[in-house]
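Reminder that position 61 of the sequence shown reads as 61 in our numbering, one-by-one numbering, no gaps.
Don't read these hints as lab results, they were simulated from the structure. Take these hints with a grain of salt, some might be off.
Said to hold, decoys possible - Restraint ranges, calculated between C-beta atoms of paired labels, are given here:
| no. | residue 1 | residue 2 | range |
| --- | --- | --- | --- |
| 1 | 20 | 41 | 29 to 35 Å |
| 2 | 18 | 48 | 24 to 30 Å |
| 3 | 42 | 12 | 19 to 25 Å |
| 4 | 16 | 43 | 19 to 25 Å |
| 5 | 63 | 21 | 35 to 41 Å |
| 6 | 64 | 17 | 44 to 50 Å |
For clarity, every value in this text was computed on a predicted model and none was experimentally measured. Positions of the beta carbon are idealized from the N, C-alpha and C atoms, including for glycine.
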Amino acid sequence: MTAATIPGLDSAPTKHEGLLAYPREVAELTQPDRVAWADGSEEEYERLCAHLVEAGTFQKLNPDK
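Build out the structure end to end from the sequences listed, making use of the hints.
Written out as structure tokens, the structure reads:
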């Protein structure tokens, strides 16, 4: 698989070629199943937490405590 065919690589939150070159280079070397871009949003946090809870590797704490 080439960097051009790795899911997520082309959905970067930037079009700046200088910022995209490194992830493309690393993807070519490592051949990941997909690339995920972190944006630090609350939505991203909730999605990652849900995924980890589902996998049994994470337990959300009670925010009221």
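Going down the list of hints, with the structure as the test:
no. : hint                : result
1   : 20 / 41: 29 to 35 Å : violated (20 Å)
2   : 18 / 48: 24 to 30 Å : holds (27 Å)
3   : 42 / 12: 19 to 25 Å : holds (20 Å)
4   : 16 / 43: 19 to 25 Å : holds (23 Å)
5   : 63 / 21: 35 to 41 Å : holds (40 Å)
6   : 64 / 17: 44 to 50 Å : holds (46 Å)
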